[in-house]
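Each chain, letter by letter, is given below.
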Amino acid sequence: GAVVSQHPSRVICKSGTSVKIECRSLDFQATTMFWYRQFPKKSLMLMATSNEGSKATYEQGVEKDKFLINHASLTLSTLTVTSAHPEDSSFYICSARGPGGYGYTFGSGTRLTVV
Amino acid sequence: AQSVTQPDIHITVSEGASLELRCNYSYGATPYLFWYVQSPGQGLQLLLKYFSGDTLVQGIKGFEAEFKRSQSSFNLRKPSVHWSDAAEYFCAVGAEVFTGGGNKLTFGTGTQLKVEL
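Those protein sequences? They're chains A and B, same order as listed. According to the working numbering, the first sequence is numbered sequentially starting from 1. According to the working numbering, the second sequence is numbered sequentially starting from 1001.
The shape of chain A in the complex, shown without the other chains:
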């Protein structure tokens, strides 16, 4: 079945630094990838949608310059949290969708802690 690999699973960084999270589709071409943020005991909040080769579409209230998304290939999308602050600490999850349209496969998530 479709597999999405997300790395790292956990990262701790200092305030003011940048962190990159990778999301790879291992056995299918992901025409569309989604990035979510999940707060403790809360639902998933969609941050942005990225299509390969084009700029990401951000949801209202999500800072584009803060959360940089790159979808350079059909198997890789990255989320970079720039100048991270403690309030950016959260669980980030990516999801990928193939060209056939069926199914959204999720990565295993990244726990970001900014200290």
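In short, the hints are calculated from the structure, not lab data. Hints are supplied without guarantee of correctness; some may be wrong.
[Claimed, not checked] Below, in silico cross-link-like pairs of lysine-lysine (DSS-like), each with a Cα-Cα straight-line distance of 25 Å or less: (1) A:LYS42 <-> B:LYS1114; (2) B:LYS1049 <-> A:LYS42; (3) A:LYS41 <-> B:LYS1049.
[Said to hold, decoys possible] Quick list of simulated restraints, FRET-style, between CB atoms: (4) A:LYS20 <-> B:LYS1061: 50 to 58 Å; (5) A:GLU59 <-> B:ARG1069: 24 to 32 Å; (6) A:VAL3 <-> B:SER1003: 26 to 34 Å; (7) A:THR113 <-> B:PRO1007: 27 to 35 Å; (8) B:GLY1062 <-> A:ILE12: 35 to 43 Å; (9) A:VAL3 <-> B:GLU1064: 23 to 31 Å; (10) B:TRP1083 <-> A:GLN29: 33 to 41 Å; (11) B:PRO1007 <-> A:LYS64: 48 to 56 Å.
Beta carbons are placed, not taken as given, at the ideal position from N, Cα and C, and that holds for glycine.
Following the hints, put chain B in place on chain A, whose structure we already have.
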């Protein structure tokens, strides 16, 4: 705009008992409905999905869900719960599949399932 409501934040059932998790959706066209399960600190695993056809959908781990258009519901059921089913369950709605583009999913707030031994 599409939306999903999961009215039960927490549910506790005894092992071996039946389970039903409620999900109501709001969507203007034909919905694409999903149930996902999430264990602590993990990503989401797809239990089942509905797009068209038979309104009773079978999924993994013995779960099933029934789409009822008249009630805008997609409740998840399992006849006999196992202790390993304890997790967070999310219902989600998405746009029709073959329209291309983003077709983002909208998630409910989740239901935390606790299983008593």
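Here's how the hints hold up against the structure:
About 17 Å separates the Cα atoms of LYS42 (chain A) and LYS1114 (chain B), which keeps this hinted pair within 25 Å; it holds. With a C-alpha separation of about 22 Å, the suggested pair LYS1049 (chain B) and LYS42 (chain A) falls inside the 25 Å cut-off, and the hint holds. The hinted pair formed by LYS41 (chain A) and LYS1049 (chain B) meets the criterion: a straight-line CA distance of about 23 Å does not exceed 25 Å. Evaluation of the 50 to 58 Å hint for LYS20 (chain A) and LYS1061 (chain B) yields a failure: the beta carbon distance comes to about 34 Å.
At roughly 28 Å, the beta carbons of GLU59 (chain A) and ARG1069 (chain B) sit within the given window of 24 to 32 Å. For VAL3 (chain A) and SER1003 (chain B), the Cβ-Cβ distance of about 30 Å falls inside the hinted range of 26 to 34 Å, so the restraint holds. At about 32 Å, the CB distance of THR113 (chain A) to PRO1007 (chain B) agrees with the hint of 27 to 35 Å. Between GLY1062 (chain B) and ILE12 (chain A) the Cβ separation comes to about 38 Å, which falls inside the hinted range of 35 to 43 Å.
Against the hinted window of 23 to 31 Å, the Cβ-Cβ separation of VAL3 (chain A) and GLU1064 (chain B) comes to about 25 Å, which satisfies the hint. For TRP1083 (chain B) and GLN29 (chain A), the hinted distance range of 33 to 41 Å is satisfied, since their beta carbons lie about 39 Å from each other. Range check, PRO1007 (chain B) to LYS64 (chain A): about 35 Å between beta-carbon atoms, so the 48 to 56 Å window is missed.
This entry does not satisfy hints 4, 11, going by the numbered hints stated previously.
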